[in-house]
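Visitor: Here is how the chains run, residue by residue.
Protein chains: 2
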Amino acid sequence: MARQPTLEFWYEFASTYSHLAAHRIEEAAEKAGVSVRWRPFLVGPLFASQGWTTSPFNLFPAKGRNMWRDFERMAASYGLPPITKPDPFPQNSLNAVRVAIFGQDQDWLVPFSKAVFSASFSKGQSIAEPAAVVAILDSLGLDGTQVLRAAASDANKTKLRVSVEEARSRGIFGAPTFLTDDGELFWGNDRMEQALAWASGERPPGLR
Amino acid sequence: MARQPTLEFWYEFASTYSHLAAHRIEEAAEKAGVSVRWRPFLVGPLFASQGWTTSPFNLFPAKGRNMWRDFERMAASYGLPPITKPDPFPQNSLNAVRVAIFGQDQDWLVPFSKAVFSASFSKGQSIAEPAAVVAILDSLGLDGTQVLRAAASDANKTKLRVSVEEARSRGIFGAPTFLTDDGELFWGNDRMEQALAWASGERPPGLR
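Chains A and B are the protein sequences, given in the same order. If you count the first sequence from 1, position 4 lands on 3 in numbering that gives the first Met the number 0, and the numbers rise without skipping. If you count the second sequence from 1, position 158 lands on 157 in numbering that gives the first Met the number 0, and the numbers rise without skipping.
Since the hints were made in silico from the structure, they are not lab data. Even glycine gets a Cβ: it sits at the ideal position worked out from N, Cα and C. Some hints could be false.
[What the hints assert, rightly or not] Restraint-style ranges between C-beta atoms, simulated for each label pair:
| # | chain 1 | residue 1 | chain 2 | residue 2 | range |
| --- | --- | --- | --- | --- | --- |
| 1 | A | 161 | B | 182 | 42 to 48 Å |
| 2 | A | 148 | B | 51 | 41 to 47 Å |
| 3 | A | 123 | B | 122 | 36 to 42 Å |
| 4 | A | 123 | B | 105 | 33 to 39 Å |
| 5 | A | 180 | B | 153 | 40 to 46 Å |
| 6 | A | 29 | B | 157 | 26 to 32 Å |
| 7 | B | 148 | A | 84 | 47 to 53 Å |
| 8 | A | 180 | B | 88 | 51 to 57 Å |
| 9 | B | 53 | A | 52 | 43 to 49 Å |
[To be verified] A few chain A residues that face chain B, going by a derived Cβ cut-off under 10 Å, partial list only:
| # | residue |
| --- | --- |
| 10 | 27 |
| 11 | 64 |
| 12 | 159 |
| 13 | 161 |
| 14 | 163 |
| 15 | 181 |
| 16 | 183 |
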C-alpha cells in the first residue's frame, strides 16, 4: 500500500491566521488524502531576528486594523465562531507551546491545540498563564498540573528551541506555514489548500 | 436601471501581487457584475512612513525567497506567462505611475497598466527609464513622448501626491488593495474574489 503523503503544519498559538488553519486543516486534509503532522513553534524568535519586538500587526497599525477585520470576515466565511480579540495581543504563548511540544506524539496534541486557539480567539480567554493552560488540559480529561510540570523540564525546553531553529533553517518566517515532504513551503492560511494539493502530487500547469 | 456596483483597484507597478490581480480582475469583475475603477499609486511613501526604505521582500530575505516562489506558483495556477524577476527589484515605478495618473480617465489606462506589468514581470524588461515607458505607450498607438511630457507636469505630479495621501487616509498600507463603495478594504491579490463579492452585495454569513 502506498504511503499517504504528509504535510507539516507549523503553527503558533498567538497567531490569528494559525487559528483559522487549525480549525480547517483536518477536514481539508482528509478530502485531499494527506496526513498532517502538527508542528507547534514560536514565531517570536524569528520576528526578533528581523528586528521586530512584537507582532507586525502591532508595529504597523494600518496593517493591524485590516488584519482584525479580515480575520473576522474570514472566520465568518468559514463558518467559525465570531472572533474575540485577545487582550493583550499577542498573547504570551510560551506555556501553551511547551505543552504542545511535550504532547507532540500524543493523541491529545490536536484537540489541545484547537482548544487553545478557541480559548484565545473565540472565547476571549487568556492563554498566557500556567493556570489557563492547566484548565484547558483538565477540560480534555488530562492531569493539567502534571503535564505542565513535565512540559517545563529542561529536556522539553530544549526540544522547543530545536523546533524553532528547525523552522528557521527550513525557511519559515511566519505562521502558519505548511511544508511538504519535498521541501515546498507555503505561508499563510490562504495557502492551505494549495499546500495540500501540492502534497498530494498536484502541480500548477507548466510550473518548473 | 440600477447603478452597477463599483470596486476601486489600487495598484503599484513595482508590486508582484498587483501584477497577478491586474491580469485577472477584468474577467472576474465581469462575472461578478462589478465595475472596476483602476487607481494607480505608489506604495513607497507608505512603506517609508513605517521605516522601510525598500520592499519588505528585500528587507526580510526569508519572506522574499518565499514570495518569488509563491509568485511563480500563483502565476502558473492562473495560467499567466512564466514570471521574470525584474533587476533591480523593486523597479522605480515613478515614470510609469505618473503616466497612469495622467491617463486615469482615458481608455488606454487599463491596457497601458497591463502592458507595464507584463513588461516587468513576464518579459524581464525594465520599466524604470522614461524610454521604457515611452516604448510601451508607443506600442499602444499613442504618442509616448508627448504623453510622458504631459505626465511630468506639475499639475499631474500633484495629482499623484494627492492619490498617495488619499490611499493613506483610507487605510491603505500595501498593494494591491481593493476598496468598496462602503469603505470595506481588502488587501492583496488573495482577496480579489472576496472584494468583488462584497462589492456585489454578498456578505459572509453572520458577519456584523
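Visitor: Each of the hints needs a verdict: does it hold here or not?
Guide: Each hint tested on the structure:
1. At about 47 Å, the CB distance of residue 161 of chain A to residue 182 of chain B agrees with the hint of 42 to 48 Å.
2. With their beta carbons about 44 Å apart, residue 148 of chain A and residue 51 of chain B fall inside the hinted range of 41 to 47 Å.
3. Between residue 123 of chain A and residue 122 of chain B the C-beta distance comes to about 51 Å, which lies outside the given range of 36 to 42 Å.
4. For residue 123 of chain A paired with residue 105 of chain B, a C-beta distance near 51 Å fails the hint of 33 to 39 Å.
5. Between residue 180 of chain A and residue 153 of chain B the beta carbons are some 58 Å apart, a value that contradicts the proposed interval 40 to 46 Å.
6. Between residue 29 of chain A and residue 157 of chain B the CB atoms are about 57 Å apart, so this pair departs from the stated range of 26 to 32 Å.
7. Hint check: residue 148 of chain B to residue 84 of chain A, Cβ distance near 51 Å, so the stated range 47 to 53 Å holds.
8. Roughly 30 Å separates the CB atoms of residue 180 of chain A and residue 88 of chain B, a value that falls outside the hinted 51 to 57 Å.
9. With their beta carbons about 21 Å apart, residue 53 of chain B and residue 52 of chain A fall outside the hinted range of 43 to 49 Å.
10. Because the smallest distance between the Cβ of residue 27 of chain A and any Cβ of chain B comes to about 17 Å, over 10 Å, the interface hint for this residue is violated.
11. Of the supplied interface hints, the one on residue 64 of chain A holds, with its beta-carbon coming within about 7 Å of a beta-carbon of chain B, less than 10 Å.
12. With 10 Å as the threshold, the beta carbon of residue 159 of chain A stays out of range of chain B, its nearest partner Cβ sitting at about 20 Å, so the hint is violated.
13. Interface hint status for residue 161 of chain A: violated, as the beta-carbon distance to the closest one in chain B is roughly 18 Å, over 10 Å.
14. Here the hint on residue 163 of chain A is broken, as its CB sits about 13 Å from the closest CB of chain B, past 10 Å.
15. Below 10 Å, beta-carbon pairs count as interface contacts, and residue 181 of chain A has none with chain B, the closest being about 13 Å; its hint is therefore violated.
16. At its closest, the beta carbon of residue 183 of chain A sits 8 Å from a beta carbon of chain B; the interface hint therefore holds under the 10 Å criterion.
Hints 3, 4, 5, 6, 8, 9, 10, 12, 13, 14 and 15 from the earlier list are contradicted by this structure; the remaining hints agree with it.
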